[in-house]
Amino acid sequence: MNSRLISMIRKEFIQIFRDVRTLAMILVIPIMQLFLLGYSATNDVRNIPLAVLDQSRSAESRALLDAYRAADYFRIAYSVDSEAEIETLIASGDARAAVIIPPDYAQRLNDGNAQVAFILDGSDPTSASTALSAALLISQAHSTEILTQRFSRSGSTLRVQPPVQVRTTVWYNPDMISAHFMIPGVIGMILYAIAAILTATSVVRERERGTIEQLIVTPIRSWELIVGKLMPYVILGFFNTIEVLAVGHWWFGMPIRGDLGLILILSIVFLITGLGIGLFASTIANTQQEAMLAVWMTLLPSIFLSGFFFPLEAMPAFLRWLSYLMPLRYYLVIIRSLLLKGVGLDMIQFDVLAMTLFAVSIMTAAALRFRKRLD
Amino acid sequence: MTDTLVQATDLHKHFGNNRAVDGVSLHIKPGEIYGLVGSDGAGKTTTMRLLVGALLPNKGEIHVCGYDVLKQTELARSQIGYLSQRFSMYEDLSVLENIRFFAEVRGLSQTEWLPRSMEILEFVGLADFKDRRAGQLSGGMKQKLGLASALVTRPRLLLLDEPTTGVDPVTRQDFWQLVIKLVSMSPSPSGRGVRGEGVSVLISTPYMDEASRCHRVGFMKLGKIIAEDTPSNLRARLNGRVLELRGNPINTLRRIAHQDEDVEDVAAFGDKLHLRVKENAVKKVISRLTKQIKSQNAELIELRPVPPTLEDVFIALSDI
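From first to last, the protein sequence lines stand for chains B and D. Residue 342 in our numbering sits at position 342 of the first sequence, with consecutive numbering throughout. Residue 287 in our numbering sits at position 287 of the second sequence, with consecutive numbering throughout.
Extracted from the complex, chain B is given alone in its bound form (with noise of 0.2 angstroms):
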């Protein structure tokens, strides 16, 4: 390798050890990012506080407050005596659903009409869809229980089931964890952010500094300068990948099924797009808050139309489209299938191809606005 690119890179990565502060925050915060988004972003709806009103107080009553109890999704945490209480406990939030059950609940059972009331706080879509599921399926379950002891009381050996049963298979993640669905994600949008902050700040700072005048002179040529500055990046962040993966994968249990070397390989060019758009900021801005704010302006879209928290499908058109800009995009829809499905590269070709054109023409443009000039 050429002596000038060597000296650059090794006054690179002296600057960057220096700078402790910067480098601990390079390391730590992918895991802090980690932990928040993995323990934080979980749509796993658990234990949701249930407020209930018994006016039955029956045996009947009873054993269908039991078969809430069983199910994990509830949790009874306020046995109430009147509605306005009920009202009360939803409006402060304290109890997220409410049951009430009437006081001919039992009378009304055996007459084979019976009706129990179920008020849900709608305020919060995610929650409130698992638990009316959940609240529909548990009502469904416990009437074919009932029906069942009925026909088995009055002697028949007659068995209650349902005329088309669906048997349910979740592939890939069996357990629907949403920590699995988050890493890779979160792994995508860490590199992203690292590379371009990182790669803008320190060619900016050349500029802001001054530095940049005395780099200018001298007969460095302007690839090697690009190089020397971006390889740094690029060894950091290859070793953020690592990092969350192996956080990922040991703490919190999320698969890698994948061609680990593929994986990598396939991060390093998704890193190149990175380290490409905040060389692109670089040129644009003049100072290292400028420069930030251009990353910031181009990371916040990424993660909200690359399918990192919101499902792609349920966007408008318009914003799917837009989607397809993000390349964010692509290595999330290659990272999640190489580590949760552990599928070949032929099976991403598209998004591969996609990410590595995207990657391919972002370094291209903004080497070609870099100039070693200072107009």
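You may find that some hints are simply not true.
[Claimed, not checked] With a straight-line cut-off of 25 angstroms between C-alpha atoms, the simulated SDA-like cross-links for lysine to any residue are:
no. : chain 1 : residue 1 : chain 2 : residue 2
1   : D       : Lys59     : B       : Phe370
2   : B       : Lys372    : D       : Pro155
3   : D       : Lys130    : B       : Lys341
4   : D       : Lys59     : B       : Arg371
5   : B       : Lys372    : D       : Asp92
6   : D       : Lys130    : B       : Arg18
7   : B       : Lys341    : B       : Val352
8   : D       : Lys291    : D       : Ala281
9   : B       : Lys372    : D       : Ala281
10  : B       : Lys372    : D       : Asn18
11  : B       : Lys372    : D       : Gly66
12  : B       : Lys372    : D       : Phe15
13  : B       : Lys372    : D       : Thr9
14  : B       : Lys372    : D       : Tyr67
15  : B       : Lys372    : D       : Glu74
16  : D       : Lys181    : D       : Leu114
17  : D       : Lys278    : D       : Leu238
18  : B       : Lys372    : D       : Gly60
19  : D       : Lys130    : B       : Gly210
20  : D       : Lys71     : B       : Asn2
21  : B       : Lys372    : D       : Lys130
22  : B       : Lys372    : D       : Gly16
23  : D       : Lys71     : B       : Arg371
24  : D       : Lys272    : D       : Thr290
25  : D       : Lys59     : B       : Leu319
26  : D       : Lys130    : B       : Asp19
27  : B       : Lys372    : B       : Arg221
28  : D       : Lys59     : B       : Leu368
29  : D       : Lys130    : B       : Val170
30  : D       : Lys130    : B       : Gln15
31  : D       : Lys71     : B       : Arg221
32  : D       : Lys130    : B       : Thr211
33  : B       : Lys341    : B       : Val170
34  : D       : Lys224    : D       : Glu244
35  : B       : Lys372    : D       : Ser109
36  : D       : Lys130    : B       : Ile6
37  : D       : Lys71     : B       : Leu374
38  : D       : Lys71     : B       : Leu368
39  : B       : Lys372    : D       : Thr290
40  : B       : Lys372    : D       : Val183
Since the hints were derived computationally from the structure, they do not count as laboratory data. Since the model is a prediction, treat every value here as computed from it, not as a measurement.
Chain D: place on chain B using the hints.
What follows is chain D alone, placed relative to chain B:
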């Protein structure tokens, strides 16, 4: 080619509507110290940046050591040591790390850089501080580090952009001694290494005492070099046209001098006033002012012709 190290012809550089450099031509001989003076914004820094290829001119040609700066940029740069106005070493790197980085990037090999760096640090007097972070150096030491970095590859042309601005007088003196050593034909100061012969220096400075140390001086104004000569020839332009006036109260004297039709300019130099008068008007002005000052009850201590300083010339040129 050998008698001109820098040959720049009709340089133009515009930033929007601002003609920062507007038709500058420069010729600098080997071993010459050329001083570029002028007010802030006159175009000195832009001229230097054009010479080193950090900016592209809108028009004009530049040759340094026979290389076309626009076409053979890197070859030309290899002959140039450039010290920018702003400190542009890495503050988080040590003195030696900075020198090493710039030495290697400019092509010194693994085996060359260390002896060469130590020699140059010895020369500028920073050898004892080689492990100190550049950010922790004093202003003068920073400039010496910049100079050392510019010199490490033995350039034939040194471009120094206001190297002594904001530096204390003693360090300024040191700095100038280094520059003079560099261009002097005498054997190199540190024994064998720093080659004196043929190094040319283009230095910009706001200090007239520094300008008078240069072999030639160019006055820049609004992007043009409006006068260019040796310091003594420049001073000769105002021979017999500068009067020194001392007395009390100085404000009255100043007002009186201003009102005289043959006085072009009044400049304060401490407790003295320098009057620039029209040609062949010295005698008339002395007699008129002496009378005026008496009639207004002011005290006249001294009024006499003095040899012009470069500062007088600078002010006169700025007025044009």
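Here's how the hints hold up against the structure:
1. Distance check on the hinted pair: D/Lys59 and B/Phe370 sit about 23 angstroms apart at the alpha-carbon level, within 25 angstroms; holds.
2. For the suggested pair B/Lys372 and D/Pro155, the alpha carbons sit about 21 angstroms apart, so the restraint of at most 25 angstroms is met.
3. Between D/Lys130 and B/Lys341 the alpha-carbon distance is near 56 angstroms, which puts this suggested pair outside the 25 angstroms criterion.
4. For the hint pairing D/Lys59 with B/Arg371, the CA-to-CA distance comes to about 19 angstroms; that is within 25 angstroms, so the pair holds.
5. For the hint pairing B/Lys372 with D/Asp92, the CA-to-CA distance comes to about 23 angstroms; that is within 25 angstroms, so the pair holds.
6. This hinted pair checks out: D/Lys130 and B/Arg18 have alpha carbons roughly 17 angstroms apart, not beyond 25 angstroms.
7. With a CA separation close to 16 angstroms, the supplied pair B/Lys341 and B/Val352 stays within the 25 angstroms bound.
8. The straight-line distance between the Cα atoms of D/Lys291 and D/Ala281 is roughly 16 angstroms, inside the 25 angstroms bound, and the hint therefore holds.
9. Between B/Lys372 and D/Ala281, the direct Cα distance comes to roughly 55 angstroms. Violation of the 25 angstroms bound is thereby established for this hinted pair.
10. For the hint linking B/Lys372 to D/Asn18, the alpha-carbon distance of about 22 angstroms falls within 25 angstroms, and the restraint holds.
11. For the suggested pair B/Lys372 and D/Gly66, the alpha carbons sit about 22 angstroms apart, so the restraint of at most 25 angstroms is met.
12. With a C-alpha separation of about 18 angstroms, the suggested pairing of B/Lys372 with D/Phe15 holds against the 25 angstroms cut-off.
13. Taken as a hint, the B/Lys372 and D/Thr9 pair is honoured in the structure, with Cα atoms around 23 angstroms apart against an allowance of 25 angstroms.
14. Among the hinted pairs, B/Lys372 with D/Tyr67 is consistent with the structure: their alpha-carbon atoms are about 19 angstroms apart, no more than 25 angstroms.
15. Restraint check for B/Lys372 and D/Glu74: satisfied, since their Cα atoms lie roughly 11 angstroms apart, inside the 25 angstroms limit.
16. Annotation: proposed proximity of D/Lys181 to D/Leu114 holds, straight-line Cα distance about 22 angstroms (limit 25 angstroms).
17. For the hint linking D/Lys278 to D/Leu238, the alpha-carbon distance of about 10 angstroms falls within 25 angstroms, and the restraint holds.
18. Proposed proximity of B/Lys372 and D/Gly60 is supported: the alpha carbons are some 20 angstroms apart, at most 25 angstroms.
19. Note on D/Lys130 and B/Gly210: the hinted pairing holds, with a Cα-Cα distance of about 22 angstroms set against a maximum of 25 angstroms.
20. At roughly 23 angstroms between alpha-carbon atoms, D/Lys71 and B/Asn2 fall within 25 angstroms of each other, so this suggested pair holds.
21. Distance restraint check for B/Lys372 and D/Lys130: the Cα-Cα separation of roughly 29 angstroms exceeds the 25 angstroms cut-off, and the hinted pair is therefore not satisfied.
22. The straight-line distance between the Cα atoms of B/Lys372 and D/Gly16 is roughly 20 angstroms, inside the 25 angstroms bound, and the hint therefore holds.
23. Restraint check for D/Lys71 and B/Arg371: satisfied, since their Cα atoms lie roughly 16 angstroms apart, inside the 25 angstroms limit.
24. The suggested pairing of D/Lys272 with D/Thr290 holds, with an alpha-carbon distance near 16 angstroms, which does not exceed 25 angstroms.
25. For the given pair, D/Lys59 sits about 48 angstroms from B/Leu319 by alpha-carbon distance, which is inconsistent with the 25 angstroms threshold.
26. Distance check on the hinted pair: D/Lys130 and B/Asp19 sit about 20 angstroms apart at the alpha-carbon level, within 25 angstroms; holds.
27. At most 25 angstroms may separate the alpha-carbon atoms for a hinted pair to count; B/Lys372 and B/Arg221 meet this at roughly 8 angstroms.
28. With a C-alpha separation of about 23 angstroms, the suggested pairing of D/Lys59 with B/Leu368 holds against the 25 angstroms cut-off.
29. Proposed proximity of D/Lys130 and B/Val170 is contradicted: the alpha carbons are some 66 angstroms apart, above 25 angstroms.
30. A hinted pair counts as satisfied when its Cα atoms are at most 25 angstroms apart, and D/Lys130 with B/Gln15 qualifies at roughly 17 angstroms.
31. Of the supplied pair hints, the one linking D/Lys71 and B/Arg221 holds, its CA atoms being roughly 14 angstroms apart against a limit of 25 angstroms.
32. Proximity of D/Lys130 to B/Thr211 is assessed by CA-CA distance (about 19 angstroms); at most 25 angstroms being required, the pair is judged to hold.
33. Between the alpha carbons of B/Lys341 and B/Val170 the distance comes to roughly 12 angstroms, so the proposed pair stays at or under 25 angstroms and holds.
34. Simply put, D/Lys224 and D/Glu244 have alpha-carbon atoms about 30 angstroms apart, too far for the 25 angstroms limit, and the pair is violated.
35. Taken as a hint, the B/Lys372 and D/Ser109 pair is honoured in the structure, with Cα atoms around 23 angstroms apart against an allowance of 25 angstroms.
36. Restraint check for D/Lys130 and B/Ile6: the C-alpha separation of about 22 angstroms stays at or below 25 angstroms, so the hint holds.
37. With a C-alpha separation of about 17 angstroms, the suggested pair D/Lys71 and B/Leu374 falls inside the 25 angstroms cut-off, and the hint holds.
38. Proposed proximity of D/Lys71 and B/Leu368 is supported: the alpha carbons are some 19 angstroms apart, at most 25 angstroms.
39. For the hint linking B/Lys372 to D/Thr290, the alpha-carbon distance of about 62 angstroms lies beyond 25 angstroms, and the restraint is violated.
40. This hinted pair does not check out: B/Lys372 and D/Val183 have alpha carbons roughly 30 angstroms apart, beyond 25 angstroms.
Violation of the numbered hints given earlier is confined to hints 3, 9, 21, 25, 29, 34, 39, 40; the remaining hints are satisfied by the structure.
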